[in-house]
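> Single-letter residue listing:
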Amino acid sequence: GENVEQHPSTLSVQEGDSAVIKCTYSDSASNYFPWYKQELGKGPQLIIDIRSNVGEKKDQRIAVTLNKTAKHFSLHITETQPEDSAVYFCAATYTDDKIIFGKGTRLHILP
Amino acid sequence: DSGVTQTPKHLITATGQRVTLRCSPRSGDLSVYWYQQSLDQGLQFLIQYYNGEERAKGNILERFSAQQFPDLHSELNLSSLELGDSALYFCASSAPPAGESGELFFGEGSRLTVL
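First to last, the sequence lines map onto chains A and B. For the first sequence, position 71 matches number 71 in my numbering, and the numbering has no gaps at all. For the second sequence, position 98 matches number 98 in my numbering, and the numbering has no gaps at all.
Hints are computed from structural coordinates only; laboratory data are not their basis. Be a bit skeptical, because a hint or two may be false.
Derived CB-CB ranges, DEER-like [said to hold, decoys possible]:
{"#": "1", "chain 1": "B", "residue 1": "113", "chain 2": "A", "residue 2": "56", "range": "38 to 44 Å"}
{"#": "2", "chain 1": "B", "residue 1": "75", "chain 2": "A", "residue 2": "67", "range": "37 to 43 Å"}
{"#": "3", "chain 1": "A", "residue 1": "28", "chain 2": "B", "residue 2": "14", "range": "38 to 44 Å"}
{"#": "4", "chain 1": "B", "residue 1": "54", "chain 2": "A", "residue 2": "72", "range": "29 to 35 Å"}
{"#": "5", "chain 1": "B", "residue 1": "5", "chain 2": "A", "residue 2": "40", "range": "19 to 25 Å"}
{"#": "6", "chain 1": "B", "residue 1": "39", "chain 2": "A", "residue 2": "54", "range": "32 to 38 Å"}
{"#": "7", "chain 1": "A", "residue 1": "54", "chain 2": "B", "residue 2": "60", "range": "31 to 37 Å"}
The model shown is predicted, which means the values in this text are computed figures rather than measured ones. Glycine residues also receive a C-beta, built at the ideal position from the N, C-alpha and C atoms.
With the rest of the complex left out, here is chain A:
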């Protein structure tokens, strides 16, 4: 089936520390794995994505890794800042461009 599991559902980290969110996907996912950030009262926004022909991608303090054999991918945020507090969603594409999201991780950055 088409399913994306995301963990943890809630994560609290001290400002300046790193945060890691993990997702696994079911067999039939294709080649595109985006991550979205949703701030309060807004729609989700893409922060980084990875395609299955690469294993890792980095953009400043954000990085994503993909392990196709294990069917999992992870989001890493380093040197966390207060503005990183939000809900983060991973997603995977399936047939016919269907983009399925995980249930989200609420990230709290503690002062």
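Go by the hints and put chain B onto chain A.
Here is chain B on its own, set in the frame of chain A:
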């Protein structure tokens, strides 16, 4: 501002009623996606249209229907509403052609409350 416009922003109605949510995609985007966001369920994929044609269907109830018009705007119709339909409904648009995946641009959502 994502360039995707959703109306209305808020809607309160009673059980058994019917509502229509409207979405205008970003200029030039041919794909429109609809998602339902409830408290514990994340973003549930409902349906996708590409250039006026239905392309993919998710867990959309039979009481719900959607369409994309020639001017590319889309409407999501929700009928025989139940308390459990209360949620935030997001529309998103995307530029890549059919068969290719790319960034989704989300609107700010329509919050539906069924009393």
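> Just pull the numbers of the violated hints for me, sorted ascending.
none
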